[in-house]
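2 protein chains.
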Amino acid sequence: MFLKEEYITRREKLKKLMTHGLIIFFGNEESSINFKDNHYPFRQDSTFLYFFGLNEPGLIATIDLDTNDEIIFGDNLSIDDIVFTGPVESIEEQAHNVGVSQISPSLGINGYVAEAIAKGKQIHFISPYRPDHVLKLASILNVSTTEVRDKESVELIKAIVKLRSIKSSEEIKEIEKAVNTTVNMQYKAMEMATEGLTEANLYGAVQDVALANGNSTSFPTIMTINGQILHNHYRGNTLKKGDMVLCDCGAETYSCYAGDLTRTFPVDTKFTHKQKEIYDIVYDSYITAVNLLKPGQLFKNIHLASCKKITEGLMALGIMKGDVDKAVELGAHTVFFQCGLGHMLGLDVHDMENLGEQYVGYTDTLKQSTAFGFKSLRLGKVLEEGMVLTVEPGIYFIPELIALRKSENMYMEFIDYEVLEHYKDFGGIRIEDDFLITKDGYRKLGNRLPTTSNEIEEFRKHKVRF
Amino acid sequence: MFLKEEYITRREKLKKLMTHGLIIFFGNEESSINFKDNHYPFRQDSTFLYFFGLNEPGLIATIDLDTNDEIIFGDNLSIDDIVFTGPVESIEEQAHNVGVSQISPSLGINGYVAEAIAKGKQIHFISPYRPDHVLKLASILNVSTTEVRDKESVELIKAIVKLRSIKSSEEIKEIEKAVNTTVNMQYKAMEMATEGLTEANLYGAVQDVALANGNSTSFPTIMTINGQILHNHYRGNTLKKGDMVLCDCGAETYSCYAGDLTRTFPVDTKFTHKQKEIYDIVYDSYITAVNLLKPGQLFKNIHLASCKKITEGLMALGIMKGDVDKAVELGAHTVFFQCGLGHMLGLDVHDMENLGEQYVGYTDTLKQSTAFGFKSLRLGKVLEEGMVLTVEPGIYFIPELIALRKSENMYMEFIDYEVLEHYKDFGGIRIEDDFLITKDGYRKLGNRLPTTSNEIEEFRKHKVRF
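Protein chains in written order, with full-length UniProt numbering: chain A, 1 to 466; chain B, 1 to 466.
What the hints contain is simulated information worked out from the structure, not anything from laboratory work.
Note that this is a predicted model, so its numbers are computed, not measured.
The reader is advised that the hints may include incorrect statements.
Which copy is meant is left open, so a pair is good if it fits within one copy or across any two.
Below, computed lysine to any residue pairings styled on SDA-like, alpha-carbon distance capped at 20 Å [what the hints assert, rightly or not]: (1) Lys121 x Gly236; (2) Lys36 x Arg149; (3) Lys158 x Thr19; (4) Lys136 x Thr146.
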């Protein structure tokens, strides 16, 4: 948690960006696994954390833009609870810690909002991503559960995005802490990987590093010898010579800031010749993108520059052919690079994704594409100083996708499906790092990790950390 | 997953226990952490797993008791999904694997149920513990979200409890696998613990063992130097000489069966004299309870026998006083042992808790008490061959509870609050093992772990596993 003053300042800035009405912020509830009282690790809503900092379940906060009233709604624990949870600060103390002086029992929220509605106040809230919030909102607003999502406040969303997009120095410190734990997670996997271990063995060890040094992971770790499956969560395979391991993982600090890094490395101490060729294309694409990072650049253009590098590289290998610019314009590269170059990073690993990518990564005039390969580009807009984002190009040979595109006779002008046949079982490679946009360019966050194919091989041979 | 025949047999048994109507089984959905597509590790609903075995999100199954129709509702993945998830078996193949021949797209469920309602069929379902199921049920049954819970089928619940309470030999093998991984988690913590490490360090290492050998943990691991907090999830404390560590953890196998064990051990190689005295009382209570395990015994009586042992022991130390039987009858021991002796174990760590403890642990004539210290006794009824359950007595010195009871002048006849003053900061001790009820008694599940205070000290000194 930051100092009380930080939260007060954030709320003041929010109020200045908005006009009238009552804002409701829903803190998260516990989330049940297989019965009510068996809970997944609690994760507070990030916007609630940003403005109110409190990391306990079951809280709601309101800001009345007209009267300036700020209230935290929540219930103190009974002795029956305390036996299980231990002593917890009272709601009053918790509210005081973040500069809020008014509190109310949870049940008060319905009457309070009803009164505001009766007075004709606009009610501002962000669209819920958890079903319990849909139920709560329907009850509080007295509308059906299907109507809830239509009533989100775009004014509120835009104000939150404006504030959360530019990270303060305290936030950057926290993100860098998360990245550094993530660096250690990556080192752990690269140190440990050896023939005969399973993906699950590496997965467990990497989770250990995250859990021993912070809250948790910022998303479920991807630890796979099938890197071509972008969000692969199976981990039953045994590592064998010739395989590559793709490890995409992120730590979450105690203050809930996220890291997000990917490395792909051979189970042997060296890549095969074929693996190294593809790896070096991905690295080329990565470094091209990184060198373009600076305020004023359109991230969509950086994405396209990295797509072109991938296309050029695959053309050099004979997998692709024809005109690079035209190939990328028509999306031929999406047979190999199906997703976006990167996304913002902060309290969420895809920062603010719940607020809507059209507001977070795009603008009123720059719309997100719905085309295959572009719809997963979560960030397209102009970069600004203080943004934190990932750069994560990759090349993925997905047998099902290749077969589909071939059967559709797609991209015949740009893809040599016969050459491609030799890569069908290749797998996938991704390189990902986290960057802060500075006044003149960028700063890569966190301690150094092996990144080029030579550095990776060097590390796999000698296991010496930078 | 078990053989297809196992699921067919289970469903046949269920049909025989019921009469008329349509049963709906809801498989679980993905559960969002901090934005829609960031998911907690998927956990299938246990009843769905028991009867249909499929471990993918978004499935619904129905059994029409009158026509014998069994249908699985679900949707095949598109290429956009497969890029992220890799190839997944079709719904048809999945259904075939568990002996179901009819399938339907997800959207079909609303019309199918509406038709059944129109025909006057009773609709059977179990009360949802996840809010997305409340939303779904309200939509399917065309009732308000607040009405959903009132409509659960007690006939269905009782039939499920009857079947799931008695474990098959295949299930027992899976539970024992979970217990054995849990044994290794316990060994890991006891091997590793040393002055200067944090609770989080041990927590991470224990998670590693669970994740490297199965699905996950069966509940969030409790790893704490404050064992008196029954479900403590804070893990920021540094271990120091004189502390005890309470580790309560359970592995979940890939087939989703649970283990659940607790050990309490000193950070030093030896307990202090005071710690050993309390430990030995808990062990006495544990072994008394274990020796009473056999078919025909009322578990509530075993709980009371263990409470009496605790009371006797605390009387010998001068913390309690007066008549043992009367003290337990009036609940004086609940100042030190606030929870139940044990619970059933299976696909859920508190097996079937979502079906309602009154149905799982009690009967129409034996009702669950609502008194403090008894309402957490999840199991009270007569033991039967094939049940699997935990035995987990403990002594917990909870400063807030002691202060409250003293201020209320409660149990003055049975508690010497002056002597108790010297134990206020003692902490808490629990010992927990998992047992199968056999024809003549019981079998302790899993490999051997140090259990007595001498065995624990021996292990902490020499770190030699049994």
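Could you figure out if Lys158 and Thr19 sit no more than 20 Å apart (CA to CA) within one copy, between two copies, both or neither?
Within one copy only: 13 Å inside, 56 Å across.
At 20 Å max between alpha carbons, let me know whether Lys121 reaches Gly236 within a copy, between copies, both or neither.
Cα proximity of Lys121 and Gly236: none, with 55 Å in one copy and 44 Å across.
Within, between, both or neither: how does the pair Lys36, Arg149 come out at a Cα-Cα threshold of 20 Å?
between (25 Å within a copy, 14 Å between copies)
Within, between, both or neither, where Lys136 and Thr146 count as close if Cα-Cα is 20 Å or less:
both (12 Å within a copy, 11 Å between copies)
Checked against the numbered hints given earlier, the structure breaks only hint 1 and satisfies all the rest.
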